[in-house]
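The hints should help you fit chains W, X and B onto chain R, whose structure is shown.
Chains as they are written, first to last, in our numbering: chain R, 1 to 140; chain W, 141 to 280; chain X, 281 to 420; chain B, 421 to 560.
These are calculated hints, taken from the structure and not from any lab test.
Keep in mind that the hints are not guaranteed to be accurate.
[As the list claims (entries may be wrong)] DSSO-like cross-link-like pairs, simulated, lysine-lysine; straight-line CA separation at most 30 Å:
#1 B/540 / X/405
#2 W/265 / R/47
#3 B/467 / R/71
#4 W/187 / X/327
#5 X/405 / R/47
#6 X/400 / B/491
#7 R/125 / X/405
#8 W/211 / R/120
#9 R/47 / B/545
#10 W/187 / R/71
#11 B/491 / X/405
#12 R/125 / W/260
#13 B/545 / X/327
#14 R/125 / X/351
#15 X/327 / B/467
#16 R/71 / W/260
#17 R/125 / W/187
#18 W/211 / B/467
#19 R/120 / X/351
#20 B/545 / X/405
#21 R/120 / R/71
#22 X/327 / R/71
#23 W/260 / R/47
[As the list claims (entries may be wrong)] Here are the simulated distance ranges between beta carbons:
#24 W/270 / R/50: 30 to 38 Å
#25 W/192 / R/90: 49 to 57 Å
#26 B/423 / R/137: 45 to 53 Å
#27 R/119 / X/348: 15 to 23 Å
#28 B/544 / W/218: 45 to 53 Å
#29 W/192 / R/121: 40 to 48 Å
#30 R/138 / B/524: 46 to 54 Å
Nothing here was measured: the structure is a model prediction, and the numbers come from that model.
Cβ coordinates follow ideal geometry from the N, Cα and C atoms, glycine included.
Number of protein chains: 4
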Amino acid sequence: MPSLILNRQLTVEWGQCDPTGTVFNSRFFELFDANTWLLFQSALTVKPQDLAETFGILGIPIVDARAEFVKPIRFGDDIEITSRVREFRGSSFDVEHRISVGGELAVDAGETRVWTEIDKNNPQKIRAIAIPSDVIARFG
Amino acid sequence: MPSLILNRQLTVEWGQCDPTGTVFNSRFFELFDANTWLLFQSALTVKPQDLAETFGILGIPIVDARAEFVKPIRFGDDIEITSRVREFRGSSFDVEHRISVGGELAVDAGETRVWTEIDKNNPQKIRAIAIPSDVIARFG
Amino acid sequence: MPSLILNRQLTVEWGQCDPTGTVFNSRFFELFDANTWLLFQSALTVKPQDLAETFGILGIPIVDARAEFVKPIRFGDDIEITSRVREFRGSSFDVEHRISVGGELAVDAGETRVWTEIDKNNPQKIRAIAIPSDVIARFG
Amino acid sequence: MPSLILNRQLTVEWGQCDPTGTVFNSRFFELFDANTWLLFQSALTVKPQDLAETFGILGIPIVDARAEFVKPIRFGDDIEITSRVREFRGSSFDVEHRISVGGELAVDAGETRVWTEIDKNNPQKIRAIAIPSDVIARFG
Numbered sequence: 001m002p003s004l005i006l007n008r009q010l011t012v013e014w015g016q017c018d019p020t021g022t023v024f025n026s027r028f029f030e031l032f033d034a035n036t037w038l039l040f041q042s043a044l045t046v047k048p049q050d051l052a053e054t055f056g057i058l059g060i061p062i063v064d065a066r067a068e069f070v071k072p073i074r075f076g077d078d079i080e081i082t083s084r085v086r087e088f089r090g091s092s093f094d095v096e097h098r099i100s101v102g103g104e105l106a107v108d109a110g111e112t113r114v115w116t117e118i119d120k121n122n123p124q125k126i127r128a129i130a131i132p133s134d135v136i137a138r139f140g
Numbered sequence: 141m142p143s144l145i146l147n148r149q150l151t152v153e154w155g156q157c158d159p160t161g162t163v164f165n166s167r168f169f170e171l172f173d174a175n176t177w178l179l180f181q182s183a184l185t186v187k188p189q190d191l192a193e194t195f196g197i198l199g200i201p202i203v204d205a206r207a208e209f210v211k212p213i214r215f216g217d218d219i220e221i222t223s224r225v226r227e228f229r230g231s232s233f234d235v236e237h238r239i240s241v242g243g244e245l246a247v248d249a250g251e252t253r254v255w256t257e258i259d260k261n262n263p264q265k266i267r268a269i270a271i272p273s274d275v276i277a278r279f280g
Numbered sequence: 281m282p283s284l285i286l287n288r289q290l291t292v293e294w295g296q297c298d299p300t301g302t303v304f305n306s307r308f309f310e311l312f313d314a315n316t317w318l319l320f321q322s323a324l325t326v327k328p329q330d331l332a333e334t335f336g337i338l339g340i341p342i343v344d345a346r347a348e349f350v351k352p353i354r355f356g357d358d359i360e361i362t363s364r365v366r367e368f369r370g371s372s373f374d375v376e377h378r379i380s381v382g383g384e385l386a387v388d389a390g391e392t393r394v395w396t397e398i399d400k401n402n403p404q405k406i407r408a409i410a411i412p413s414d415v416i417a418r419f420g
Numbered sequence: 421m422p423s424l425i426l427n428r429q430l431t432v433e434w435g436q437c438d439p440t441g442t443v444f445n446s447r448f449f450e451l452f453d454a455n456t457w458l459l460f461q462s463a464l465t466v467k468p469q470d471l472a473e474t475f476g477i478l479g480i481p482i483v484d485a486r487a488e489f490v491k492p493i494r495f496g497d498d499i500e501i502t503s504r505v506r507e508f509r510g511s512s513f514d515v516e517h518r519i520s521v522g523g524e525l526a527v528d529a530g531e532t533r534v535w536t537e538i539d540k541n542n543p544q545k546i547r548a549i550a551i552p553s554d555v556i557a558r559f560g
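Next comes chain R alone, as it looks inside the complex (with noise of 0.2 Å):
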C-alpha cells in the first residue's frame, strides 16, 4: 500500500448535522472527496484545478463510494478525516477514508476512481487509461 497518507483536521459545522445533532451521512461524502483532492495535490504538488490538464486527463471520477458509520459524531465536534490510496490497478485505484474522534474510529470509509480521458474518437465517450508510473510513485 502506498505510504503517502493525508490528514486533515476540521471541527463539525452546524450545518452538516441533522436533527439528531450529529453529521447527515451525505456529508460524509463531501469530506472525502475534498480529501482526496487534497491527497493527490500533496502527492503531485498539483493544484487540484490544475490537475487534469497538467497530466492531459479528463479527472478522476468516481465509481464506487462506502462508508460504514461506526460511531456518530456531533456538532463541535474535533475530527480527524485521514486518507490514503489502498491501491493502484491498472487504470483505477482504491482510496480509503477514516474518520476519527478523540483518537476513536467514527467512520470507516473508502472509494474507487478512474484515471481517464476523453475518447480522442468519440469525444462524447470517455474511458479510462492507464495510471502512470510516476503518478503512483509519487505516493509512496
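Frame of chain R; chains W, X and B shown alone:
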C-alpha cells in the same frame, strides 16, 4: 409585473434540517435556484439544460440573493414555493420566491440575475446583454 | 425480499451538479435518505416526522452506505429512484436504491439501518432493538 | 461597530462548485453560518455546541440573509472570509461577511440574527430577549 407564476409543492426532507429540526438556511437558496430554472422552463418551453444554447447565452448567473425567514419550517412540513419575475430591466431581472406552510408566509425571498454571454473579444470574460423582448413577453 | 417498492421521479437540478455537469456524488446520498423515509411512510402510513413517536423509537440511523456509479447523470436528466427493503434482520435492515435514466441503471446503491431506542438505563446511549414483526409485515 | 473580526482562509472545493466551475450560491450561506459560529466562539470563548447552555438561550436563529455576488469564485481559489458584527440592537444583531479572492472583494453579504429563548409560558414558542451587555462588550 409579469403574470407568470411557478408553484411547486414539496415536503421538507430530513437532510435539509439542522439540529433544531428546521430547515437550514442555505437549503432555501437551493430551492429558489431550482424554482428559477423551472420558471424559465415554464415560460420559454425549453429544458434548463438547453436554455443557454437555445438563446445563445452563457447563462443567467445570480448576482444578488436575499431572504427573510419569517417562520421556521420543520422536517416533514408541506411547503409551497411560489416564484415569479418581479421586474425585467435591460439585461437583468429580479425573481421573487415565497414559501408558505399551511397558507402562511414562512420565507420571503428574492434574487437578481443577469442575462449574460461570453465576451467575443475576450473569451475569459462574460458580459451582460439585453434580454430579448420576446423572452420577456413569454412571462406574461 | 419484501415486495413493497417506492418509486420516485425527479429531474436533476443545477445545484446538484459539479463542474463536469454531472451529479456530485454526495447528492445521491441525500436522494437515498429521502427515499428511505418515503418508503417507510408508504409502508407504515405514518408521516416521517411521526415515525419515532408512533413506534416508540429513537429512529432508524444509517450505519452503512454504499453506491456504485455506473453511468454519469447530467443536469436536467429525468431520473427514477427505486427503493425497497432488501432484507430485515433482527434489529437491522438493508435498503437498496437504484437510479435509472431512460430505463438504464445509472447508480446501484444500498444502505443498512438500525431500529434503535434510547437506552433506558443510560439516556446518553442508543441501542438496537428488535424490529416489530408487524412493522416488517407492512413491507409485503 | 464592534471591532472583533473573524478571518478564515479556505480553498474552494470541487463539491462546492456548479457546472460553470464556480461556487454554487447556496454554498456561500453555509460558509457564512460557520463563520458566525466561529465569531461568537472567538468573542465569548465558548464552543459553539455550548453556546446555548452557557447563556441560557435557545440559540441565535437567522431571520434575514443577503448576499451580493460581485465576482465569481472558482474551484481551487484561495478565499478569505471576513466576518464581524455590524450592529447590536436590543435583541437582534447584524453580521457582515465579506469574501475576497486575491485581495479583491468577491461576495458582500450579511445576515440578521436574534438572541432567543424558549417562551417559559409556552414551550412550543421561542421569543427574542435582550442580548446581555457583557456579551456585546466581548465583541469589542
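Now the hints, each set against the structure:
no. : hint                      : verdict
1   : B/540 / X/405             : holds (29 Å)
2   : W/265 / R/47              : holds (23 Å)
3   : B/467 / R/71              : holds (21 Å)
4   : W/187 / X/327             : violated (33 Å)
5   : X/405 / R/47              : violated (43 Å)
6   : X/400 / B/491             : violated (54 Å)
7   : R/125 / X/405             : violated (50 Å)
8   : W/211 / R/120             : violated (54 Å)
9   : R/47 / B/545              : violated (49 Å)
10  : W/187 / R/71              : violated (43 Å)
11  : B/491 / X/405             : violated (48 Å)
12  : R/125 / W/260             : holds (29 Å)
13  : B/545 / X/327             : holds (23 Å)
14  : R/125 / X/351             : holds (11 Å)
15  : X/327 / B/467             : violated (35 Å)
16  : R/71 / W/260              : violated (54 Å)
17  : R/125 / W/187             : holds (23 Å)
18  : W/211 / B/467             : holds (27 Å)
19  : R/120 / X/351             : holds (19 Å)
20  : B/545 / X/405             : holds (28 Å)
21  : R/120 / R/71              : violated (46 Å)
22  : X/327 / R/71              : holds (27 Å)
23  : W/260 / R/47              : holds (29 Å)
24  : W/270 / R/50: 30 to 38 Å  : holds (37 Å)
25  : W/192 / R/90: 49 to 57 Å  : violated (37 Å)
26  : B/423 / R/137: 45 to 53 Å : holds (51 Å)
27  : R/119 / X/348: 15 to 23 Å : holds (22 Å)
28  : B/544 / W/218: 45 to 53 Å : violated (19 Å)
29  : W/192 / R/121: 40 to 48 Å : violated (27 Å)
30  : R/138 / B/524: 46 to 54 Å : violated (34 Å)
Of the numbered hints listed earlier, those contradicted by the structure are 4, 5, 6, 7, 8, 9, 10, 11, 15, 16, 21, 25, 28, 29, 30.
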